[in-house]
Amino acid sequence: MKETPLSNCERRFLLRAIEERKVRDRDPPLPPPLHSAATGQAPSHGSAGGVRASPHLSPGRGALRPGRTRGCPARVVTLLSALQRLDGRQSYDYRNVRISFGADYGCCIVELGRTRVLGQVSCELVSPKLNRATEGILFFNLELSPMAAPAFEPGRQSELLVKLNRLLERCLRNSKCIDTESLCVVAGVKVWQIRVDLHLLNHDGNIIDAASIAAIVALCHFRRPDVSVQGQEVTLYTPEERDPVPLSIHHMPICVSFAFFQQGTYLLVDPSEREERVMDGLLVIAMNKHREICTIQSSGGIMLLKDQVLRCSKITGVKVAEITELIQRALENDRKVRKEGGKFGFAESIPNQKISAFKMERAPVDTNDVEEQAEEIITKADPPSDVFAKPLLQMPGTAQIGEGLENSWGDLEESEREEEEEGNSDDATTSEGQKMETGERNFVSKTKKDDDTIVLSDSEEEEVVILEPEERQKKTRTHTSAKQENSSSKKAFNKKRKKKRATH
Amino acid sequence: MAAAEALPAEERVGQVVLPGDVLLLPSHPEADGERLWLGPGAALPGRLVCGPGLRSCGAGLLVTKCGLLRHRQPGGAGGGSGGAYWVDSQQKRYVPVKGDHVIGIVTIKAGDIFKVDVGGSEQASLSYLAFEGATKRNRPNVQVGDLIYGQFVVANKDMEPEMICIDSSGRANGMGVIGHEGLLFKVSLGLIRKLLAPNCEIIQELGQLYPFEIVFGMNGRIWVKAKTIQQTLIVANILEACEHMTAEQRTQAFAKLSER
Chain G
1 MKETPLSNCE RRFLLRAIEE RKVRDRDPPL PPPLHSAATG QAPSHGSAGG VRASPHLSPG
61 RGALRPGRTR GCPARVVTLL SALQRLDGRQ SYDYRNVRIS FGADYGCCIV ELGRTRVLGQ
121 VSCELVSPKL NRATEGILFF NLELSPMAAP AFEPGRQSEL LVKLNRLLER CLRNSKCIDT
181 ESLCVVAGVK VWQIRVDLHL LNHDGNIIDA ASIAAIVALC HFRRPDVSVQ GQEVTLYTPE
241 ERDPVPLSIH HMPICVSFAF FQQGTYLLVD PSEREERVMD GLLVIAMNKH REICTIQSSG
301 GIMLLKDQVL RCSKITGVKV AEITELIQRA LENDRKVRKE GGKFGFAESI PNQKISAFKM
361 ERAPVDTNDV EEQAEEIITK ADPPSDVFAK PLLQMPGTAQ IGEGLENSWG DLEESEREEE
421 EEGNSDDATT SEGQKMETGE RNFVSKTKKD DDTIVLSDSE EEEVVILEPE ERQKKTRTHT
481 SAKQENSSSK KAFNKKRKKK RATH
Chain X
1 MAAAEALPAE ERVGQVVLPG DVLLLPSHPE ADGERLWLGP GAALPGRLVC GPGLRSCGAG
61 LLVTKCGLLR HRQPGGAGGG SGGAYWVDSQ QKRYVPVKGD HVIGIVTIKA GDIFKVDVGG
121 SEQASLSYLA FEGATKRNRP NVQVGDLIYG QFVVANKDME PEMICIDSSG RANGMGVIGH
181 EGLLFKVSLG LIRKLLAPNC EIIQELGQLY PFEIVFGMNG RIWVKAKTIQ QTLIVANILE
241 ACEHMTAEQR TQAFAKLSER
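Going line by line, the protein sequences match chains G and X. Numbered by full-length UniProt numbering, the letters in the first sequence go through residues 1 to 504 in order. Numbered by full-length UniProt numbering, the letters in the second sequence go through residues 1 to 260 in order.
Possibly wrong hints are sitting among the right ones.
Coverage of chain X stretches by chain G, computed from C-beta distances (three or more under 8 Å per stretch; other residues unrestricted) [unchecked claim]: (1) 145 to 155; (2) 176 to 184; (3) 232 to 239.
What the simulated footprint calls covered on chain G by chain X, stretch by stretch (three residues with Cβ under 8 Å from a Cβ of chain X suffice, anywhere in the stretch; the number is not a length) [claimed, not checked]: (4) 3 to 14; (5) 85 to 92.
Simulated from the structure, these hints should not be mistaken for laboratory data. All values derive from a computational prediction rather than experimental measurement. Note that beta-carbon positions come from the ideal geometry of N, C-alpha and C, so glycine has one too.
Required output: the full structure, derived from the provided sequences and hints.
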C-alpha cells in the first residue's frame, strides 16, 4: 500500500504554524549560511563525531550549559493556551516518554508520544568471529511492520529501514556501550550472542529516538543465564539454579533528533510524523549522560552552521540527562516490584484507556405495548391455515402449496425431501425384510413425526435468516397440530403413490 | 467452535463481543415453515442483515471483530422481524462503503480521471465530470495535493472505488474541493461515527466557542479551519482528545476554554 500523501493544505498549515511561532518565540534567526562558514558544517552522512573508545572518560565539552527547556505538556487540553506545534509542544519540547516492561527479562515497550517500539533481547551461545575470539556478538534488528503504518511493507528492506538500522548499530555497537568481552565464555569457542529485536508498533514520527531508547532499556533490563566453565566443560544454569546475570553496560547512548525547516532557519526537537514530512533536514545526535557524543548524523542535505550544531548538542545533553534519569527510575521501579513479588508485565503497566461513549439517545420508538399490537395484527390477519392444508398436486413429482406461491424452488425442495425420505424408508423395509404393509405403516408414523415441522431445508440460504416473532410461532404450532392428522394422511397417500412409481 | 458459550443475539446487544463468539439467532425450525403459508399479501418477515464484524455460520452469527454488538429494528411496522446486527468497533483502517462521504487527497491527475487517496486499500477514481457545472470544456480546477470531499458511488470488494462530487440532481451539495487553508487530521473511525451522530454534544459545544469550518469524512479524516492557526489547532486537539474523555471532563475542558 502506498503511503498516504500529504495534502497541500497540511503542508501549508504546518509551515505557517512553524513560521508564526518563530515570531513569538524570540530565538534570533540565524544568518544564512555563508561560503566561508564551511568549517561549521555538520559532518554529513557516515561520519561519527568522537566515538568513544573506553567508558567513563572525563566528560568533555565543559562549556555545555543546559539549553532552554520547558517541561513536557501534561495534557493537550490543559496547555491549549501555549499551543505552538500541532500537539501543543514548544519547539524544544520532547514528547512524553513512557517505559513499560514485560513479564520476561529484556522485554520492554517504549512510547514516545504515540510512537511505540517493542524491544526484546535474546541470547544464544555461538562460536565467536575469527578475528575477535574473545568478544561476544551484538546484533540489532529493527522491523517496520505494516501494523505501525500502512505504508510499511513486510519483508522488504526499505531505504528508511536500512538507514535506521545502521544508525542504531552505530549508536549502540560502535559506541561500545556493552562490554562485549564479558560476553565471552570460552575464548575462541563459545561466546554469547546478544540479539536485540525492535519492532515498531505505531509510527508517529521520530522512530530512531524511540528505537534507541527501547534498545538500551531492553539491554539494561536483560539477564542472561549464568554459566560456569571447568576446563573445557561449559555448564549453563537455569534461572532456578542460579540467578541470571545482567549485562555489563558502560553507558547509555540515546539518540535525539532535530528537524530543520527553511534551510535550517527553524529547528524542532523530536519531530512528529507530519513534521518529519515537511522538514528539510534531520540531525540525529546520540549522546550519553556524560555528554559524550556517540554519533552524529545529518541527512537531508542542509547546510548547518557551527552555532546550530552546538546548540543542538546542548539541547541533546539536557534531553539525554532527562531520559537517562527516567530510564533508571523505570528500571529501579521494575526491580523493586519484581523483588517484592508484586504484579509486573505489560498487562499491569498499560493504562486503561476507556473509549468514552457519548450519550446515545434511544430511538424514539414506543415499545410499550408492541406485543399486544402484534397479537392484534395477527388475530386480524387472515388465517393462514387453509393455504397450508391444501398441497396442490399438479403432476406427479411436483407439489404446490398455496395459490400465489410462484416459488418453484421451495416446491422442488419439498419433493426432493420426500423422495429422499422414501428412499430411507425403503432401505429400512428391505433391511428388515418385512412386508410392504409394515413398511408403509412405519412410513406413516414417520411422516406424522415430521409433519409438525414441514421445513424446507434452508441449506441454500445462509445469508438471509428469517426470524419470526414469538406469537406467530405459537400460532403456527397450534395450526399444525390441528391439521396434523388430516395432512399426514394425505401425505401418506401421496407418498404411497410415489413409491409405486419408484418401484416400477 | 465456541458453540458451548453461544448466547442469543438479543441478549448480547449493547455488550462487548469478541472474535470467535457465536450468537444464536431466534430462529426455530418453524420459522421457515412459516414461509409456506405466508401469502404474498401478508407482512413478510424481515430479512436479517449481517453487518460489519459478523459472519453467518450455521444457525448463528460468528463474530469477527471486537466491539459492541448493535442491533437495529427494521423500518417496517411492529410485526416484522429481522433488522440488522453489526459490531461497533474501534479501528483506524477505512474500508470504502458505497454512499459514504469521505475526504480524499488527489494524488494523480491522469487524463480525465483523478486518483484520490481515501485511506482505503486502493485509491479511488474521480472523474473530472463528476463536479458541479463541469463539462468537457469547462474542467474543474483540481491540483495534485488538493482535498476532495466526495461520495462513493462504487465501492465493491476487489474493485477500484469510484467517487463523485455531485448529488443525484447534479448539485455540489457541499462536495468538491475543500479550501486551500485549514488543517487535515486523522482520528479513529469510531470517533467519526460518534461525531457524525445526530445531535452530537461535542460539535454543539464546540460551535459555541468561536466560528470555524469543519468537514468530517467517514474515512476518519477531519478538516478544520478557524480564523487563526491557534484556533484551528485548538479545535483539532479537542476533537482528538474527546475520544477518551468522559462527559464531565469534556465540559470542564470546554469551560476552561470559554473563560479565555
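Output the numbers, in ascending order, of every earlier hint that fails for this structure.
Nothing - there is no hint that the structure violates, so all of them hold.
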